[in-house]
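Position one of the sequence shown corresponds to residue 24 (this note's numbering), numbered consecutively onward.
Worth flagging that the hints you see were computed from the coordinates, not collected in a lab.
The reader is advised that the hints may include incorrect statements.
As the list claims (entries may be wrong) - Below, computed lysine-lysine pairings styled on BS3-like, alpha-carbon distance capped at 30 Å: (1) K106 <-> K96; (2) K111 <-> K100; (3) K94 <-> K108; (4) K111 <-> K99; (5) K96 <-> K108.
Note that the coordinates shown come from a computational prediction; the quantities given were computed from them, not determined experimentally.
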Amino acid sequence: MENDYGYSYYQDIFIVNLFTQFLVSFYRSAWYIYFVVPAYLAYAVSGDVWSYLSAPKMQGEEDSDLSAAQKAKLDKKNKKAEKTKFVKV
24 MENDYGYSYY
34 QDIFIVNLFT
44 QFLVSFYRSA
54 WYIYFVVPAY
64 LAYAVSGDVW
74 SYLSAPKMQG
84 EEDSDLSAAQ
94 KAKLDKKNKK
104 AEKTKFVKV
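Whenever a hint applies, use it, and build me the whole structure from the sequences.
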């Protein structure tokens, strides 16, 4: 079974685990270090969600928001722009 995660993610979690276990020997509140992992995951996922939500619309999606009259006007404008213009020199 293959996944897209490299060994660095597993290694990072292992290091956080070791660091927390070591500090728990001296400080009772060191368990809060485990909140680093879900906080980082929330940060990474929120970046992906934000980039998805702020992505520009595709060409087909922009036209679906227009009314029939606006579509007709836009089509007329596009046809006019496609015509060849001859200029006298």
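Measure nothing beyond the straight line between the CA atoms of K106 and K96; if it is 30 Å or shorter, mark the hint as holding.
holds, 16 Å
Between the alpha carbons of K111 and K99, is the straight-line distance 30 Å or under?
Within the cut-off at roughly 25 Å; holds.
Does K108 lie within 30 Å of K96 when you go C-alpha to C-alpha?
Measuring from Cα to Cα gives roughly 20 Å; hence the hint holds.
Check whether the Cα positions of K111 and K100 lie no farther apart than 30 Å.
holds, 24 Å
Under the criterion that the straight-line Cα-Cα distance not exceed 30 Å, is the pair K94, K108 satisfied?
holds, 24 Å
When held up to the earlier numbered hints, the structure conflicts with none and fits them all.
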